[in-house]
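Here's the letter readout for the chains.
Protein chains: 2
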Amino acid sequence: MKYPGGVVKLKNNNIIYGNRGMNLEADLNSTCSYYLETNKAVIYKKPTPITINKVDYVSRVDAVIKEAHFNTPSTTDYNGIYKGKYIDFEAKETKLNSFPIRNIHLHQIKHLQKIVMHGGIGFLIIRFTLLNETYYLKAEDLFEFIESEKRVSIPISYFREKAFLIKDKYNPRCDFLKIIDYLYFGGKYEWKT
Amino acid sequence: MKYPGGVVKLKNNNIIYGNRGMNLEADLNSTCSYYLETNKAVIYKKPTPITINKVDYVSRVDAVIKEAHFNTPSTTDYNGIYKGKYIDFEAKETKLNSFPIRNIHLHQIKHLQKIVMHGGIGFLIIRFTLLNETYYLKAEDLFEFIESEKRVSIPISYFREKAFLIKDKYNPRCDFLKIIDYLYFGGKYEWKT
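If you're matching them up, the sequences are chains V and H in order. For the first sequence, the residue numbers in our numbering are 1 to 193. For the second sequence, the residue numbers in our numbering are 1 to 193.
Wrong hints could be hidden among the right ones.
Only some residues are given here: those of chain H computed to face chain V with a beta carbon under 7 angstroms [as the list claims (entries may be wrong)]:
(1) 42
(2) 46
(3) 86
(4) 91
Capping the alpha-carbon separation at 16 angstroms, the derived lysine to aspartate or glutamate pairs in EDC-like fashion look like this [to be verified]:
(5) H:54 <-> V:56
(6) V:66 <-> H:175
(7) V:40 <-> V:133
(8) H:178 <-> H:168
(9) V:110 <-> H:37
(10) H:45 <-> V:190
(11) H:110 <-> H:140
(12) V:138 <-> V:161
(13) H:110 <-> V:37
(14) V:167 <-> V:144
(15) H:40 <-> H:133
(16) V:54 <-> H:56
(17) V:162 <-> V:140
(18) V:162 <-> V:141
(19) H:54 <-> V:67
(20) H:46 <-> V:77
(21) V:110 <-> V:77
(22) H:40 <-> H:56
(23) V:46 <-> H:77
(24) V:92 <-> V:133
(25) V:167 <-> V:190
(26) H:54 <-> H:37
(27) H:66 <-> V:67
(28) V:114 <-> H:37
(29) V:45 <-> H:77
(30) V:54 <-> H:190
(31) V:66 <-> H:56
(32) V:110 <-> V:141
(33) V:46 <-> V:77
(34) V:92 <-> V:25
(35) V:95 <-> V:133
(36) V:110 <-> V:133
(37) V:188 <-> V:175
(38) H:114 <-> V:37
(39) H:114 <-> H:144
(40) H:66 <-> V:56
Calculated from the structure, these hints are not laboratory results. In this text the structure is predicted, and so the values were computed from the model without any measurement. Beta carbons are placed, not taken as given, at the ideal position from N, Cα and C, and that holds for glycine.
Only chain V is shown next, with the shape it has when bound in the complex:
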């Protein structure tokens, strides 16, 4: 909308401060679609786990769920396959300058431990929205932090030292396979801080 004096008023969700406020889930979903379309990997976000209590069968093909509840997830949000390897990760955003470990359910940590034990690639993708930094944290480093530290939050300094920065790109938005290439397939790491 144009105001007198040429001032352009944007709606709140249209204000652009670099990447601030961009949604990590949307970025990851578009990234996974890109990987799928370009035949790089097959990785999906799992549907939200729910318990259905009541369904209306409007017709044979058109059923409407009338009552359902959200379940606590027992696994992570994303899994799939890349270069023959099983991939499994959880993604979280935080506005803080540290990542509260309680944002990951205990079930999910145990799940990642099993994945790593069975030879899969497990990790977290954590976005610090106000700092505009997104990191790939190996599940093994998460376990080590939990075991060796008493802190309930992982400070940004730990991410900057131990984790791998994922630079924003236009397409794919959040190119985490670059990090997997570096860690497991002899690829180069271009985004050193």
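Fit chain H to the supplied structure of chain V, relying on the hints for placement.
Relative to the frame of chain V, chain H by itself:
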């Protein structure tokens, strides 16, 4: 309920004819739980994909979904990891003596093709409920049937010849990892027909 003359009337769903009427999904869920508890594999059924339209936030932690719709699944129902390999499959029951290919969505067939292309292990588990026979059909054999045959159903004879019978067991109920051991890890196949 006891009737005169000692006749015991069972409810319909309690009648036991061998395995007839046992639910494949229940068997597979208990099998995957067994694999998880015994640390053999990490395989889960994915939640039903839905689109949520309306949620009532009764309190901060207790939200109730008041309207949602079922989506067409774009992937298969089960995936996970076994001995470092990515596992992906769809399970179906039929009362017929042949398996109608339309019971598997085209999306799911394309998904299995991608999985195999990326080095994963893809397959179907098909139970013929009235014959009380459950088979492991390699995704590659499914693709071959679809390409080379004009038939819209895969006859039981094809399963008996090409697929691998999974014998019922007490625990785990539907031990499909035995077939994967045979096909990919040099295990023995004990259930030859």
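Here is how each hint holds up against the structure:
no.: 1; hint: 42; in the structure: 5 angstroms, holds
no.: 2; hint: 46; in the structure: 6 angstroms, holds
no.: 3; hint: 86; in the structure: 4 angstroms, holds
no.: 4; hint: 91; in the structure: 17 angstroms, violated
no.: 5; hint: H:54 <-> V:56; in the structure: 15 angstroms, holds
no.: 6; hint: V:66 <-> H:175; in the structure: 36 angstroms, violated
no.: 7; hint: V:40 <-> V:133; in the structure: 25 angstroms, violated
no.: 8; hint: H:178 <-> H:168; in the structure: 12 angstroms, holds
no.: 9; hint: V:110 <-> H:37; in the structure: 12 angstroms, holds
no.: 10; hint: H:45 <-> V:190; in the structure: 37 angstroms, violated
no.: 11; hint: H:110 <-> H:140; in the structure: 12 angstroms, holds
no.: 12; hint: V:138 <-> V:161; in the structure: 12 angstroms, holds
no.: 13; hint: H:110 <-> V:37; in the structure: 12 angstroms, holds
no.: 14; hint: V:167 <-> V:144; in the structure: 25 angstroms, violated
no.: 15; hint: H:40 <-> H:133; in the structure: 25 angstroms, violated
no.: 16; hint: V:54 <-> H:56; in the structure: 15 angstroms, holds
no.: 17; hint: V:162 <-> V:140; in the structure: 11 angstroms, holds
no.: 18; hint: V:162 <-> V:141; in the structure: 8 angstroms, holds
no.: 19; hint: H:54 <-> V:67; in the structure: 10 angstroms, holds
no.: 20; hint: H:46 <-> V:77; in the structure: 10 angstroms, holds
no.: 21; hint: V:110 <-> V:77; in the structure: 14 angstroms, holds
no.: 22; hint: H:40 <-> H:56; in the structure: 40 angstroms, violated
no.: 23; hint: V:46 <-> H:77; in the structure: 10 angstroms, holds
no.: 24; hint: V:92 <-> V:133; in the structure: 12 angstroms, holds
no.: 25; hint: V:167 <-> V:190; in the structure: 9 angstroms, holds
no.: 26; hint: H:54 <-> H:37; in the structure: 36 angstroms, violated
no.: 27; hint: H:66 <-> V:67; in the structure: 5 angstroms, holds
no.: 28; hint: V:114 <-> H:37; in the structure: 11 angstroms, holds
no.: 29; hint: V:45 <-> H:77; in the structure: 13 angstroms, holds
no.: 30; hint: V:54 <-> H:190; in the structure: 44 angstroms, violated
no.: 31; hint: V:66 <-> H:56; in the structure: 11 angstroms, holds
no.: 32; hint: V:110 <-> V:141; in the structure: 14 angstroms, holds
no.: 33; hint: V:46 <-> V:77; in the structure: 5 angstroms, holds
no.: 34; hint: V:92 <-> V:25; in the structure: 8 angstroms, holds
no.: 35; hint: V:95 <-> V:133; in the structure: 11 angstroms, holds
no.: 36; hint: V:110 <-> V:133; in the structure: 26 angstroms, violated
no.: 37; hint: V:188 <-> V:175; in the structure: 13 angstroms, holds
no.: 38; hint: H:114 <-> V:37; in the structure: 11 angstroms, holds
no.: 39; hint: H:114 <-> H:144; in the structure: 15 angstroms, holds
no.: 40; hint: H:66 <-> V:56; in the structure: 11 angstroms, holds
Of the hints listed earlier, those the structure fails to meet are numbers 4, 6, 7, 10, 14, 15, 22, 26, 30 and 36, in rising order.
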